[in-house]
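Engineer: Sequence:
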Amino acid sequence: MRPFLERRAIPIAMLLIAIGAARIGSTWSRFSFTNDEPQHFACGLEYLQHHTYRIEPEQPPLSRIAMALGPWLDGSRLTGSREVLAGQDLAAMYQKGNAERTLTLMRIGILPFFLAAATIVFLWARHHSGGPTAVLATALFTLEPSVLAHSGLATTDMALVACLPAAFFAMILWAEHPTRRNTIFFGVASGLALLAKFTALVYLPAAVVFALLYYLAVERPGLPKLLEFARRRAASFGVAVLLGAVTIWAGYLFSFGTVSGVGFPVPAPELFRGIHDVLVHNEGGHPAFLLGQLSRTGWWYYFPVVLALKTPLAFLLLALFGAVLCLRRKQIAWALPVAFSLGILLPAMAGHINIGLRHILPIYAGLAIVAAVAVVQLAEWSSEKKWAGPLAVAGLLWMAGTGLWNHPYYLAYFNELAGSHPENILVDSDLDWSQDYVELAGKLRSLNVTEVNFGVTPWLNRYLEIWPGLPKTKRVQPLIPASGWLVINPTYDKLYQYGLNYRSPNMVPWWSKLTPVDHAGTLQLYYVPPEAIHRKEPGQ
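One point on numbering: in this note's numbering, the residue at position 295 of the sequence shown is 295, and numbering is uninterrupted.
Among the hints, erroneous ones may be present.
In silico DSS-like cross-links for lysine-lysine, where the CA-CA straight-line distance does not exceed 27 angstroms [stated by the list, open to error]: (1) 494 / 513; (2) 96 / 443; (3) 385 / 330.
Calculated from the structure, these hints are not laboratory results.
Working from the sequences, and respecting the hints, build out all of it.
Structural biologist: Here you go:
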């Protein structure tokens, strides 16, 4: 099997990536727009239409350009101010009379990041570990539910999943051989990583530091060797830094302007405003929910818990075993994917924005490689240890079966440890990100529902009545029981109690003791007969 995978590694990997892309494509029109997609789209349209980037600079422009390009070529335009969002996002999505088409075009723009990310995983794994490991790493990466989920959404997360591993891999190639090509790759990839998401400013240096610490601890090169290494690469490193800076500035259209606290114009002022906004956001935190508790500043253990519950157990076990194998081999090449993964996880644990696994999504590039190392090792042991081969096969089948069983509900995926009520553990983009309104509309049509108690924002509901075609909606009142059909969104319920905001332990939404009669994806459906309201007994 090993010689076959070595010879056929590239076509097999291409097939695996194509299958993953097909699975992603099948979700584009299956799910409604999530909470963040319209805003990202509007910012991308501003960039393409007005050649400015002012509406919301907290996210860099790379993925927003990609998602807005298709609709922009199709004729979508902003019609309001360049300075504020003010409802322009949904207006732009619906302006051509086919919001479903616009959303699909937006999501198509993110697919290249999935293709690039999977390709980088393959190239990195093959570079140090050979064809079999590369094929298996590609398979594991393209089967991971959260990767598939966010590859199918017009958000900013997959851009970093592509660009951060690319920058780290480029750094590896440059460190090994500082040729002109590798220097250019290193500089441009690092610039693109920052244009993908500002967390690259922390994740990439942290990964490099962990790799360097392991190298110093295991290989003990000595100071003269380190100084010689640095001297030989100093000039090319400077070139890479310059190329990265030019790439970033180009991403901001070579703009000049002032920023707060600086009395003179600077290149790419939107970059500095965006970094400032992220720092302010992180300092102030964000409403978060974990294991039944609320916090605005988060928990240090949030991301380890999310990773443990949102990653398929087969993948998780293989990755843990593979990490041990890689570190015990005491060679820097094997430890690099582990260092990359730690460079993402550990800094994220210090942050105060705990709203989803997606914020550490690039970690799966490194974990896929170390998990593949585990599978290859088990296969090699199989000639001496009878249990090793079946264990490797079982792990791969378990992983593949997980994806098939949960298709297309990748976003709401939880592994077996989470139990049957994940909404009591996590919400937001880990479970319910408003993605299930298409399924809800179909469900309500099948039930001949003409009016539904749903949502808290009437202006949004008006759009949802157009597409995906919800019936007439009435705002949910958490203290006023209503008869008929009621749809509860777990994220709004768990985070905000539909406006009650946990002001009093004795003040709970009136439906809290009712049992849902149906569901549409993650949305919970209740039915309250009119006579129950008249008797003031909505739960009976």
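Engineer: Does each hint fit the structure? Answer for all of them.
Structural biologist: Hints versus structure:
1. 494 / 513: holds (14 angstroms)
2. 96 / 443: holds (26 angstroms)
3. 385 / 330: Cα-Cα ~24 angstroms, so holds.
Checked against the numbered hints given earlier, the structure satisfies every one of them.
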